[in-house]
Amino acid sequence: MSKFYMYDRLAVVPLNTETTSHSSTAPGADAEYLDVAAGLKITNGPLANTKVVTGDVEASKKASEKLGKDVAVWNIYDCTDTPDFNCGSGETPLSGTTDRVAFDANTGETVEYEDTSSEADGEITKPFSFEGLYFKFPFDAQKKTYQFWDGTLREATPATYVGEGKVKGMKVYKYEQVIEPVKTGTIDVPGDLVGSDEATVTADRIYSSISTYSVDPVTGVVIVGQTAQDSYLELNGERVLTTTKATLGYTDAQTQKVVDEYKSKAMLLTAVKTWIPVYGGILSLVLIAVGLMSRRGNAAGARKVEKGELVGSR
137 MSKFYMYDRL AVVPLNTETT SHSSTAPGAD AEYLDVAAGL KITNGPLANT
187 KVVTGDVEAS KKASEKLGKD VAVWNIYDCT DTPDFNCGSG ETPLSGTTDR
237 VAFDANTGET VEYEDTSSEA DGEITKPFSF EGLYFKFPFD AQKKTYQFWD
287 GTLREATPAT YVGEGKVKGM KVYKYEQVIE PVKTGTIDVP GDLVGSDEAT
337 VTADRIYSSI STYSVDPVTG VVIVGQTAQD SYLELNGERV LTTTKATLGY
387 TDAQTQKVVD EYKSKAMLLT AVKTWIPVYG GILSLVLIAV GLMSRRGNAA
437 GARKVEKGEL VGSR
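Taking this note's numbering, I'd label the letters of the sequence shown as residues 137 to 450.
Since the hints were made in silico from the structure, they are not lab data.
A hint or two may mislead.
Straight line, CA to CA, 16 Å or less: simulated EDC-like cross-link-like pairs of lysine to aspartate or glutamate [said to hold, decoys possible]:
#1 Lys409 with Asp276
#2 Lys202 with Glu248
#3 Lys280 with Asp251
#4 Lys304 with Asp388
#5 Lys401 with Asp276
#6 Lys205 with Glu245
#7 Lys198 with Asp240
#8 Lys198 with Asp276
#9 Lys197 with Asp251
#10 Lys381 with Glu168
#11 Lys381 with Asp217
#12 Lys262 with Asp251
#13 Lys319 with Asp286
#14 Lys302 with Asp388
#15 Lys272 with Glu245
#16 Lys381 with Asp171
#17 Lys310 with Asp333
Cβ pair distances, simulated, as ranges [unchecked claim]:
#18 Thr378 with Thr336: 57 to 65 Å
#19 Asn222 with Gln392: 19 to 27 Å
#20 Ala335 with Thr153: 45 to 53 Å
#21 Lys202 with Thr338: 28 to 36 Å
#22 Glu374 with Ser265: 21 to 29 Å
#23 Pro150 with Asn180: 36 to 44 Å
#24 Asp257 with Lys302: 34 to 42 Å
Cβ coordinates follow ideal geometry from the N, Cα and C atoms, glycine included.
Between the sequences and the hints, there should be enough to build the whole structure, so can you do that?
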């Protein structure tokens, strides 16, 4: 019964999670970006991303009770800036968002709930309707396409299964989320910034990215994540200025930390779902057989007693 009883109780995310993850551009692979704080200056250099995730236990319990299933409510602060920037300083980073997300603690799917919010461009929307997966893939992830949240588009897009692999000895499923160039809005910029004679022009903001996820299929946790983003401005359908062109991926230390934490958890869940039911079933059959044999032996002994065949009797 472990597969049906124990597994469902173990295959849930912790409500009190506290994690920090780090991604960065690879050495020698500098990013190109428009630094607004520096006066709309095109800058080349390394970038780093920090994600701080904290679970709200009381809010999770309330959401679970109201929705009638295991729900986790997690807060995430997503911060991108230069490697020497302190994301905990309270200063404004190059890019920073704060989300409060409610999701199914087993499947990872976001759920509609009143106590959610999203902050973008200094504006907070509450409640906010998230879509698809946000933090992780489901427990027992399958070789199929999932809808995964994209914070720039503020919607979920397909993350397609593309094959298997190994990361530091762990088996992983690989998924790829491709977002073709799409207009996300407009922005007024000085004309000379985009090669125009006009004092101010309104340019289209274009966003595209390719994200890859190497996922432990047992726990659904992302072991290695990487996003290559290419965002730019367009005038009359022509690319005139790069706003962000960078590839950020998990640092080796981050990947090792995730492997160290989830390798044993994956083994435990695998044991509960497969090894224990299989070998436990075999053992139970053996014990049943022994029990039946013992019962026959006891019955035979009882018959001998009835005939007065006890040792020493006459």
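Now the hints, each set against the structure:
Pair hint Lys409 plus Asp276 holds up; C-alpha atoms about 10 Å apart against a cutoff of 16 Å. Between Lys202 and Glu248 the CA atoms are separated by roughly 11 Å; this keeps the pair inside 16 Å, and the hint holds. The straight-line distance between the Cα atoms of Lys280 and Asp251 is roughly 31 Å, outside the 16 Å bound, and the hint therefore fails. At most 16 Å may separate the alpha-carbon atoms for a hinted pair to count; Lys304 and Asp388 meet this at roughly 10 Å.
With a C-alpha separation of about 13 Å, the suggested pairing of Lys401 with Asp276 holds against the 16 Å cut-off. For the suggested pair Lys205 and Glu245, the alpha carbons sit about 12 Å apart, so the restraint of at most 16 Å is met. At most 16 Å may separate the alpha-carbon atoms for a hinted pair to count; Lys198 and Asp240 meet this at roughly 13 Å. Between Lys198 and Asp276, the direct Cα distance comes to roughly 26 Å. Violation of the 16 Å bound is thereby established for this hinted pair.
For the proposed pair Lys197 and Asp251, the alpha carbon gap of about 12 Å is at most 16 Å, so the pair holds. For the hint linking Lys381 to Glu168, the alpha-carbon distance of about 5 Å falls within 16 Å, and the restraint holds. As the CA atoms of Lys381 and Asp217 are separated by approximately 13 Å, the hinted pair is consistent with the 16 Å bound. Taking the CA atoms of Lys262 and Asp251, the gap is about 7 Å. The hint holds against a cut of 16 Å.
This hinted pair checks out: Lys319 and Asp286 have alpha carbons roughly 14 Å apart, not beyond 16 Å. Restraint check for Lys302 and Asp388: the C-alpha separation of about 14 Å stays at or below 16 Å, so the hint holds. This hinted pair checks out: Lys272 and Glu245 have alpha carbons roughly 9 Å apart, not beyond 16 Å. Of the pairs offered as hints, the one joining Lys381 and Asp171 holds, with about 12 Å between alpha carbons and a cut-off of 16 Å not exceeded.
About 47 Å separates the Cα atoms of Lys310 and Asp333, which puts this hinted pair outside 16 Å; it is violated. Taken as a hint, the range 57 to 65 Å is violated for the pair Thr378 and Thr336, whose Cβ atoms sit roughly 20 Å apart. Under the hint 19 to 27 Å, the C-beta atoms of Asn222 and Gln392, about 23 Å apart, fit the expected range. About 50 Å separates the C-beta atoms of Ala335 and Thr153, a value consistent with the hinted range of 45 to 53 Å.
The beta-carbon spacing between Lys202 and Thr338, approximately 44 Å, falls outside the hinted interval of 28 to 36 Å. A C-beta distance of roughly 35 Å is found between Glu374 and Ser265, which places it outside the suggested range of 21 to 29 Å. Hint check: Pro150 to Asn180, Cβ distance near 40 Å, so the stated range 36 to 44 Å holds. Taking 34 to 42 Å as the suggested C-beta distance range, the pair Asp257 and Lys302 conforms, at roughly 40 Å.
Of the numbered hints given earlier, the model fails hints 3, 8, 17, 18, 21 and 22; all others are met.
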